[in-house]
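Starting from the given sequences, assemble the full structure and let the hints guide the process.
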Amino acid sequence: MLLIPCPNCGPRDETEFHYGGQAHVAYPENPNELSDTEWSRYLFYRENPKGIFAERWVHSTGCRQWFNMLRDTVSYDIKAIYPMGAKRPDQAGAPAAESGTASLAADSTTTGTAAPDISGTSISPASAPEGATK
Amino acid sequence: MAETAASPTPAKTPAEKDLAVRTSPAGSLRDAFAAGSLAGTVEIAELPFLTMVGIRAAAGSDAARRIADVTGGLPARSGDVAGSGDISVLWLGPSEFLVVAPTEAHESLGGDLIQALREALGGDAGQVVDLSANRTTFELTGPQARSVLEKGCSLDLHPRVFKAGTAYSTEIGNIPALLWKTGEDSFRVFPRASFAEFLGRWLLDGMREYASPEVP
Numbered sequence: 001m002l003l004i005p006c007p008n009c010g011p012r013d014e015t016e017f018h019y020g021g022q023a024h025v026a027y028p029e030n031p032n033e034l035s036d037t038e039w040s041r042y043l044f045y046r047e048n049p050k051g052i053f054a055e056r057w058v059h060s061t062g063c064r065q066w067f068n069m070l071r072d073t074v075s076y077d078i079k080a081i082y083p084m085g086a087k088r089p090d091q092a093g094a095p096a097a098e099s100g101t102a103s104l105a106a107d108s109t110t111t112g113t114a115a116p117d118i119s120g121t122s123i124s125p126a127s128a129p130e131g132a133t134k
Numbered sequence: 001m002a003e004t005a006a007s008p009t010p011a012k013t014p015a016e017k018d019l020a021v022r023t024s025p026a027g028s029l030r031d032a033f034a035a036g037s038l039a040g041t042v043e044i045a046e047l048p049f050l051t052m053v054g055i056r057a058a059a060g061s062d063a064a065r066r067i068a069d070v071t072g073g074l075p076a077r078s079g080d081v082a083g084s085g086d087i088s089v090l091w092l093g094p095s096e097f098l099v100v101a102p103t104e105a106h107e108s109l110g111g112d113l114i115q116a117l118r119e120a121l122g123g124d125a126g127q128v129v130d131l132s133a134n135r136t137t138f139e140l141t142g143p144q145a146r147s148v149l150e151k152g153c154s155l156d157l158h159p160r161v162f163k164a165g166t167a168y169s170t171e172i173g174n175i176p177a178l179l180w181k182t183g184e185d186s187f188r189v190f191p192r193a194s195f196a197e198f199l200g201r202w203l204l205d206g207m208r209e210y211a212s213p214e215v216p
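Chains as they are written, first to last, in the UniProt record's numbering: chain W, 1 to 134; chain P, 1 to 216.
One thing to keep in mind: the hints can contain errors.
Stated by the list, open to error - If you anchor each label on the Cβ, the simulated ranges turn out as follows: (1) P:192 / W:48: 34 to 40 Å; (2) W:10 / P:213: 34 to 40 Å; (3) W:50 / P:216: 51 to 57 Å; (4) W:32 / P:159: 41 to 47 Å.
Hint data in this document are derived by calculation from the structure and do not stem from the laboratory.
Beta carbons: idealized from backbone N, C-alpha and C, even for Gly.
What follows is the structure, encoded as structure tokens:
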């Protein structure tokens, strides 16, 4: 079981938390202008990195607050906890890498303060396989 | 009622009659609690019908200050319990609190606490909600109370970490519950009403081993 350090409550068992999926997936600026392909990419396409992954968690049995977490998907090491709307701490100031597949606008989830990238690893493909979006 | 004519006890007030017909969430366990309690070791009882009010108000706002004036303070961080007199305020989240007060404070029994809190909030953003029926209260006391709780709660309950006068929202016996340490050897556990019987039986089961002599 993971011991997750809630920013409000301190370390608690993983069972007190719920997972919120990939962090930094921005809602599209203007959803009406998206094609079905773009919309499906926003809805369904997420990173699946081997290594550091930015994800959202909520302490549902405790303070009921959301926060972001950098977790190593191989070792399950929790690298960082940071507030919703903040930049990825491991990419603050780093040049933007290639954009990921899941996000259309390169924004953070809540505030739109330029977290320019969602892919923490170099293995992410530049785009989804063509056949998958048809 | 028929007994009032014959019985020497003073006539019941409407409030007492009202309480007499209510059934608490763990009322069915009253006899089991009495049978399972071990005087001087670990004892459990339900404190039914405490008045509880859910508060939401942003910390530092005017509404939070007015509400703090009614309750005698609001807790600032996880674990804190504020309040004055017989009113306690437990920290649930950065802008979420639970006021716990005696049964008589409820408006159905003539208390004015909830109304006072509503007036303190006024029209500001936030909420004051009567949650008295949401949770029930178990009181677990005695020198072995901590070891009973440790069977179902992964928090560090050692007195060096978990001091009297702190309360946490956590899991006990795999269900969400509030755990409030009211004294060195006394804890209050607040499960949701629908979990009350389960948690009551869980705690009774955890207490059972202390009825037997310790195996050396």
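Against the structure, the hints come out as follows:
1. Roughly 37 Å separates the CB atoms of residue 192 (chain P) and residue 48 (chain W), a value that falls within the hinted 34 to 40 Å.
2. The beta-carbon spacing between residue 10 (chain W) and residue 213 (chain P), approximately 38 Å, falls within the hinted interval of 34 to 40 Å.
3. Residue 50 (chain W) and residue 216 (chain P) have their C-beta atoms about 53 Å apart, which keeps the hinted 51 to 57 Å range intact.
4. Range check, residue 32 (chain W) to residue 159 (chain P): about 60 Å between beta-carbon atoms, so the 41 to 47 Å window is missed.
Violated hint for the displayed structure: number 4, the only one.
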